[in-house]
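Position 657 of the first sequence, counted from 1, bears residue number 657 in full-length UniProt numbering, the numbering being contiguous throughout.
I should point out that these hints are in silico values taken from the structure, not numbers from a laboratory.
One or more hints might be untrue.
[What the hints assert, rightly or not] Taking lysine-lysine and the BS3-like style, the derived pairs with C-alpha atoms no more than 25 Å apart in a straight line are:
#: 1; residue 1: LYS261; residue 2: LYS193
#: 2; residue 1: LYS404; residue 2: LYS522
#: 3; residue 1: LYS751; residue 2: LYS551
#: 4; residue 1: LYS639; residue 2: LYS396
#: 5; residue 1: LYS760; residue 2: LYS170
#: 6; residue 1: LYS266; residue 2: LYS286
#: 7; residue 1: LYS655; residue 2: LYS607
#: 8; residue 1: LYS522; residue 2: LYS446
#: 9; residue 1: LYS322; residue 2: LYS269
#: 10; residue 1: LYS396; residue 2: LYS327
#: 11; residue 1: LYS378; residue 2: LYS328
#: 12; residue 1: LYS191; residue 2: LYS222
#: 13; residue 1: LYS277; residue 2: LYS266
#: 14; residue 1: LYS502; residue 2: LYS446
[As the list claims (entries may be wrong)] Quick list of the computed label-pair ranges, beta carbon to beta carbon:
#: 15; residue 1: ASP465; residue 2: GLU671; range: 44 to 54 Å
#: 16; residue 1: GLY506; residue 2: LYS378; range: 32 to 42 Å
#: 17; residue 1: LYS353; residue 2: ARG284; range: 20 to 30 Å
#: 18; residue 1: ASP465; residue 2: GLU283; range: 15 to 25 Å
#: 19; residue 1: GLY506; residue 2: SER376; range: 53 to 63 Å
#: 20; residue 1: ARG315; residue 2: SER770; range: 38 to 48 Å
Just so it is clear, CB atoms sit at the ideal spot from N, CA and C, and this is done for glycine as well.
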Amino acid sequence: MSDSEDDKPLYKRVAPKAPTPIQTPVKIETHDQAFPQKPTNSSADGSKVANVKRSNDRPVKRNVKQEADQDNTPLAKKRKQSNGTTVKKESKPVKKETLADTTSAAASLKRSVSSTTSQKATTAKKAKTAEPAVKETKKSKKAKEEEEEEVYRWWEEDSQKAEDGDDSIKWTTLEHNGVLFPPEYVPHGVKMKYDGKPITLTPEAEEVASFFAALLETDHAKNPTFQKNFFRDWQEVLKQDPRNPEIKEFDKCDFRPIWEKFELDKEKKKQATKEEKQKAKEERMKTEEPFLYAYVDGRKEKVGNFRIEPPSLFRGRGDHPKTGTLKKRVTPEQVTINIGHTAKVPEPPAGHKWALVAHDQTATWLATWKENVNGSFKYVFLAASSAWKGQSDMQKFEKARELKKYVKKIRENYTAELRDKLSETRQRATAMYLIDRFALRAGNEKGDDEADTVGCCSLRYEHVDLIPPNTLKFDFLGKDSIRYENSVDVDIQVFKNIKIFKKQVGPGHMIFDRLTTVGLNKYLNSCMKGLSAKVFRTYNASHTFQQQLDKLTVPTDPISDKMLSYNRANREVAVLCNHQRTIRALKYQNMKLKRQILTLEPALKKKKPELSAEDPDLTEEWMIEYEANLVEKEREKIKQKFEKQNEKLKADGEKPLPESELKERLKAANEMEARLKKERKTGKVACKPTMNVEKLKAAIEKTDAKIKMTIVQETDKEENKEIALSTSKMNYIDPRISVAWCKKYNVPLEKVFSKTLIEKFRWAQNIDDSWKF
DNA sequence: AGGCCGACTTAGAATTGGTAAG
DNA sequence: CTTACCAATTCTAAGTCGGCCT
């Protein structure tokens, strides 16, 4: 690789020839390894996985009524199409347009509020004049199943795409009511102190001060960058009105009075009666109502984040240079609305105008604005359960499944290219290895005004250590400044390559100096249409999960055990590693419970030896420390409660509790200390009189389950930092794997997905139990 | 050909709300 | 009945990546 051409940095070199394309799909993969790189138990479990029959996963039958309808175009869509809206692309750069011809759309929006659905629309329309009747039918139905909102079952339609050939057009008609602005600021008048003296602020300045005050007890408020940025922007606001006092030093500011006020407010809110709470909730719902749904081609869809983000202090993660910067209030003048030509344009708040009203049919956003801190765009999109999101979600997984056909070849390719003499190619191959095996992100370059985090392509010298003969030790901050720390054994050639690259670039520089995410993705795209680095994460997560699930599930197990297998499969998606701390605490609890049983019924000692078994994790030394900790925490708790009470008394104008009272209360902690010590010595643990053996056993079972769960989570988090359990479920693991598993083994889907996930993954729910990723 | 912009997915933190424990 | 805990949900920051512009 010391080819002279080879040593020039990327930007100085002439374009190399295009990489060898891999276009031929490989048959079906049986023994591909996926990312839990641990010499994945070579267990040949290919048999089950092997025969993937795809292509025909279209739903068999469905909904006779709909079929009778001849085509599946919902009525509303037909209506629109017939009234002249053409499908041709709208000029891309959005330009201002006046709203003409809103009448029909307005009417349709109103109408559709009461009912819109491909199937029901027919009947509903007829009942137009008899609204109450419609409502009645709905209500009676509601009795059975909580207002089962009719959903557009796009995944059951035959030829959705291709319909008009242009898939960059996302909609024909689009109706919605815009966005909800946060309420105006209401000054509270609480005076904070400067240099020990109460000061009066204009509402504007008070608002910003309050943003900070609210965070007083969080880490943000202690972060110097946060303080600095906040203070700078606050001073700017202060200066705008001469009535504000001069505030020169952050350290002389005392925000506590405002913080206390907020605490009190919270308290009051909690104390509110049920009726009051109910009323507040109803009010909230009422203001939200208009924004909850949009109509896309006449179909009702839930809107996601229709609220304009309220002003606040920017909470950047990690070491973000701009953290604490004032995020300004967004005015309607900054907000662009995207909506159908003929739809009624939502009214901006009185006295205001929208920045722009766009009709961009290639976009799925309903509204957008530019945020002042980083200059990035914010969008209002439909909710995760919508057709738009669902379709792209499914496409994502289909893309990952497609990768199955290519992955073998791709792996062969990059393995060969690890030795390529062109270092650009070699770097690419090495990076591919890391992305494939360890699920690293692509790693775009970042600017100085962002937190310094990296991904594969942007890894620098100090992020990877070489431990001969072939171990790489990663230690870097990834997305969200989450630390990725992992030591892995790699192919000897990968080890050598990293060593060479590091040597070439030196400390402080990017290891892959001739590789960019763009270059990498271009290459991947030449291997398979639509392939990019992130697909590997999806592919590996889903693939591994499917494999593990097949391997671990015992068909004859009861549901609870199957759930265990399911969760374990989720865990196996990551690698085993040290994950002590939390688990020890649980084991300790478990041990205590067992001893309670034995104390209660010493006869069991012989019958159930497992009850007296010692856990090697629970050393004397550890327990002493742990118990000391427990006692300390208890003391803290007592003190805090005491202080809180006093604060309240003070606020109510009463006199505080005496110190002696606190002393008295702290005795409880001392007793606890003595008790724990005795228990440790004697091994006898008394329990509450209400306890019995059965209850204790149940409790043990519970902690057992918890321990297992913790192992699952810890492994996932610690080891594979990048993929936390819920996240992988939500974003990386093809939901159809779970659905098929549930069907096959008769496990209710609710055991596996929360309500929102069930909604989000509705598209994945009508596959049959033999479906494989 | 590279940099920036825009739109969209992925992600952890913060908040809410339901429920078990006290 | 509170309270404390945890799972679910909401919020918005932080990525990815393609396309457009220069």
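### Numbered hints the structure breaks, given as an ascending list
4, 7, 9, 10, 18, 19
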